[in-house]
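Protein chains in written order, with the working numbering: chain A, 1 to 120; chain B, 1 to 303.
Some hints could be false.
To be verified - Restricting the straight-line Cα-Cα distance to at most 35 angstroms, the calculated cross-link-like pairs of lysine-lysine (DSBU-like) are:
{"no.": "1", "chain 1": "A", "residue 1": "LYS118", "chain 2": "B", "residue 2": "LYS284"}
{"no.": "2", "chain 1": "B", "residue 1": "LYS284", "chain 2": "A", "residue 2": "LYS28"}
{"no.": "3", "chain 1": "B", "residue 1": "LYS47", "chain 2": "A", "residue 2": "LYS40"}
Everything labelled a hint here was simulated from the structure, so no lab data went into it.
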Amino acid sequence: MVNDSRYLLLLGMLACTGVFAGLLYLVKFSLGQSVAEPGKDVPAESGRLAVEPAWVRYHVHYYGFALLFLCFDMEMAFMYPWAVVYKELGITALLDMGVFLLILFLGLVYTWNQGGLKRQ
Amino acid sequence: MENNNTLPTTLLVGLLFAGGVYALAVLEYWSVAGRLAWARPVRLALKLLAREEIKPRQRDAVFYETAPVLLLAAGTLAAAVLPWSASTPLLSLATGALFVNAAFAYAMVALVLGGWSSNGAYAMIGGWRFLGQLLAYSMPMVMALTATVMRAESMVPVQIVLSQRGLWNIVYQPVGFGLFYLAALALAFLPPFDLPVAAGELAGGAWADFTGARRLVLRLGRLSLVMSLAVTITVFYLGGWQGPGLPGVVWTLLKTLLVAASFFGVGHYVSRVRYDLLLEWSWKYATPAALLNILWVGILLLL
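For reference, chain A alone in the conformation it holds in the complex (with noise of 0.2 angstroms):
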């Protein structure tokens, strides 16, 4: 609650930035429009008119690594502060998370071994 000044550092930092890419819509703004012609405006499709959006579903076929992915993000979230006292701590530190990160990769292997990672 002491220093929450310096944030207002970082949304201000945010709010340049959103106004520099405004100024700088703003001078292409006054140099002109473009002209509405039929399938100008067509995405980057190889010229094809999509008939449907291209928001329907997609395979992501790696979702097993995002599992994978969100266990491994939870652990970091514990090792940070782990990391700033390991040194004080010392050996127990080292074994506590040893077993804590053999656990996981536990589970990294039999991912591996159930051919998880192979592509795809």
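Since chain A is already given, all that's left is putting chain B on it; use the hints.
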């Protein structure tokens, strides 16, 4: 923890960052064309502004406007935390190392939004490919950073630089450096890993349908992302501002530009990596290597 977000410091860091981005634009062209063309970034910007701006029909307007600005923000936000010298962190956060990661994560959001919003199949697949790439690079990158935090006993970037007084982290934990370097290339979708936006792959991938000023903001965003990543590598692995003779800021700038030049150089000589192979290699080799790196640093610290 001291903060030096006074006006001169802010201006200095802003100028250094902007100048670095300009130098990077020149360097990138140099890596492709083999010659230094100092005015080319300006020419390219003017060209993009002068071109007719075509927006895809039936686009998702909100996401279409958000994506370029978000990429630029992702590139610049990390720069607030990274110190150029002992006295120039704009924002000395207790969670600095974590914040850098969090800021970079938005690059993925920006690319997926950009690919989704233009309502073209190629663009969308480009966005999904970058999401797949994130699943590959993110873990090695975060774990490599953790090992530097272990050595410094602090997440504050200034402390991490100070912890490298005797020996730079590139020597202390070379595996971590290698992993972070490769992950940085993948994060900034630089050439060996530029499948999501490569012009020859998916008609431009996630960027296919951005023209004019929005394309310019996207390009600037990518360059600022590369710049931030180069500063991050300098701060976390190359001893930051430390060096004989010259003032600290100059050392940081020199190291940063060298790192960025090496980024572009690598892209020039290595062939493009498919994202599915990248995923496979990352989880089979890079993630275990990152865990071993943590163990290695842990043992070194206890000795």
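Outcome of the hint check:
1. A:LYS118 to B:LYS284: Satisfied, since the Cα-Cα distance of roughly 10 angstroms is no more than 35 angstroms.
2. B:LYS284 to A:LYS28: Judged against 35 angstroms, a Cα distance of about 47 angstroms means the pair is violated.
3. B:LYS47 to A:LYS40: 20 angstroms, holds
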